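Hints given; two lone chains; assemble the complex.
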Amino acid sequence: DQQVKQNSPSLSVQEGRISILNCDYTNSMFDYFLWYKKYPAEGPTFLISISSIKDKNEDGRFTVFLNKSAKHLSLHIVPSQPGDSAVYFCAASSNTGANSKLTFGKGITLSVRP
Amino acid sequence: DAGVTQSPTHLIKTRGQQVTLRCSPKSGHDTVSWYQQALGQEPQFIFQYYEEEERQRGNFPDRFSGHQFPNYSSELNVNALLLGDSALYLCASSPTGSAYGYTFGSGTRLTVV
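Listed in order, the protein sequences are those of chains A and B.
Its first residue numbered 1, the first sequence is counted upward by one per residue in our numbering.
Its first residue numbered 1, the second sequence is counted upward by one per residue in our numbering.
Only chain B is shown next, with the shape it has when bound in the complex (with noise of 0.2 Å):
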């Protein structure tokens, strides 16, 4: 049984590039979370999509956006990166409306320069 699959591995960009990141969750999951952990820091929650709609949203800017596709995977998209946006970019699934059954992905680390 796949776990929570993410795309791509590492990725290089410029500042002022726009960047999308993919999730495809577990099997059995309709919740995608996504996290953003900068380098020595904790994951940090992005925000939650159920059922094709952005459910909850941490302390992100517009800048950054998601979607999440009737098969349940999820895109996280950034605009405009900041040299600040480098981190390692987390996506978890769960089962609907629980935290009990978070699965992470072994995330897409984002390089700005």
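So that you can see chain A by itself, here it is in the shape it has in the complex (with noise of 0.2 Å):
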């Protein structure tokens, strides 16, 4: 079952709009939510988090926000720039204690058109 779903695989935008990430979540014990960013042949980039005490957080072009009610979280990028181009993963933890995998979901492609 998957815990963590980015439910669309690929999302296209032009260089300078905001691209819109989404990600659900199914598990309430999930109290921690990050994003990462990968190229091909390589590993996930930490990009941005949020913990579940928040709703908001933002980092530069990167904004993350947190939906409890409604188990869902988004990351917008303003202004999307060609080097964006990469896979994105949402993961998600649940920080107990010391036992504190992640949960990925199956990550969305994002194309930014110049």
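Simulated from the structure, these hints should not be mistaken for laboratory data.
Careful, some of the hints might be misleading.
To spell it out: a stretch of chain A is covered by chain B in this simulated footprint if at least three of its residues, at any positions, have a beta carbon under 8 Å from a beta carbon of chain B; those stretches are [claimed, not checked]:
| hint | region |
| --- | --- |
| 1 | 36-44 |
| 2 | 70-84 |
Pair ranges (Cβ atoms, derived) [as the list claims (entries may be wrong)]:
| hint | chain 1 | residue 1 | chain 2 | residue 2 | range |
| --- | --- | --- | --- | --- | --- |
| 3 | A | D1 | B | E54 | 23 to 29 Å |
| 4 | B | Q41 | A | I53 | 28 to 34 Å |
| 5 | B | R57 | A | I53 | 28 to 34 Å |
| 6 | B | N71 | A | I53 | 32 to 38 Å |
| 7 | A | S10 | B | P70 | 40 to 46 Å |
| 8 | B | F60 | A | K68 | 27 to 33 Å |
| 9 | A | E42 | B | V113 | 22 to 28 Å |
Just so you know, these numbers come straight off a predicted model, no measurement behind them.
All C-beta atoms in this analysis are idealised placements derived from N, C-alpha and C, irrespective of residue type, glycine included.
Rendered as structure tokens:
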């Protein structure tokens, strides 16, 4: 059973516009959420995270919004740049003591057109 | 500051063989986790090591085993390789008990033929 869902496999946006990447989760025990960016043949690179006690976290062009009641989060990239083209993974964790494995969604491929 | 280092970068093995993958964590990190990412899929948690002990394990068979050394480096061993074990194997390190500081290596691409 997929506990973290990224239902859209791909997204294409024009350079300079906003990219909105969505993620849903089913496990109520998740209390920390992360977004990773991944290029082919490389490991995931951490982008931004949010704790369940917040509903928004911003870092430069990247903003993550969390709606706990809907079990939904989204990553906004403004403005989008061609270098943002990559696979974006949403991941979740329940930081139960020392055991804090990450559960990933299937990822979404973002293409930013020049 | 070196990040997470994995070796080898690519590996080809035959069905039934055994393989060992290696990981050196980021400086200051003492917890190492391993993930398997099949082609077109999300990374799946294999297990996590801390203080040289397996602390948590995902849904992987006993053919997958690991080890952590006193210098925090880690090995992933897979016995009796199957074609389905072909994947990118990612090592991630973090400070003790935290998901917040995960740093991933570039992975080892294992191909089983």
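For each hint, the structure was consulted:
1. Three residues within the 8 Å Cβ limit are the bar, and the region 36-44 of chain A against chain B gives 5, so the coverage statement holds.
2. Against chain B, the region 70-84 of chain A contributes 0 residues with a C-beta closer than 8 Å to a partner C-beta. That does not satisfy the three-residue criterion, and the hint is violated.
3. D1 (chain A) and E54 (chain B) have their C-beta atoms about 24 Å apart, which keeps the hinted 23 to 29 Å range intact.
4. The hint said 28 to 34 Å for the Cβ distance between Q41 (chain B) and I53 (chain A), and at roughly 31 Å that hint holds.
5. For the pair R57 (chain B) and I53 (chain A), the beta carbons lie near 29 Å from each other, so the given range of 28 to 34 Å is met.
6. Checking the proposed 32 to 38 Å range against N71 (chain B) and I53 (chain A) shows it holds: the Cβ atoms sit about 36 Å from each other.
7. At roughly 45 Å, the beta carbons of S10 (chain A) and P70 (chain B) sit within the given window of 40 to 46 Å.
8. The beta-carbon spacing between F60 (chain B) and K68 (chain A), approximately 31 Å, falls within the hinted interval of 27 to 33 Å.
9. Separation of E42 (chain A) from V113 (chain B) is about 24 Å and conforms to the stated range, judged on CB atoms against 22 to 28 Å.
In this structure, only the earlier hint numbered 2 is contradicted, and the remaining ones agree with it.
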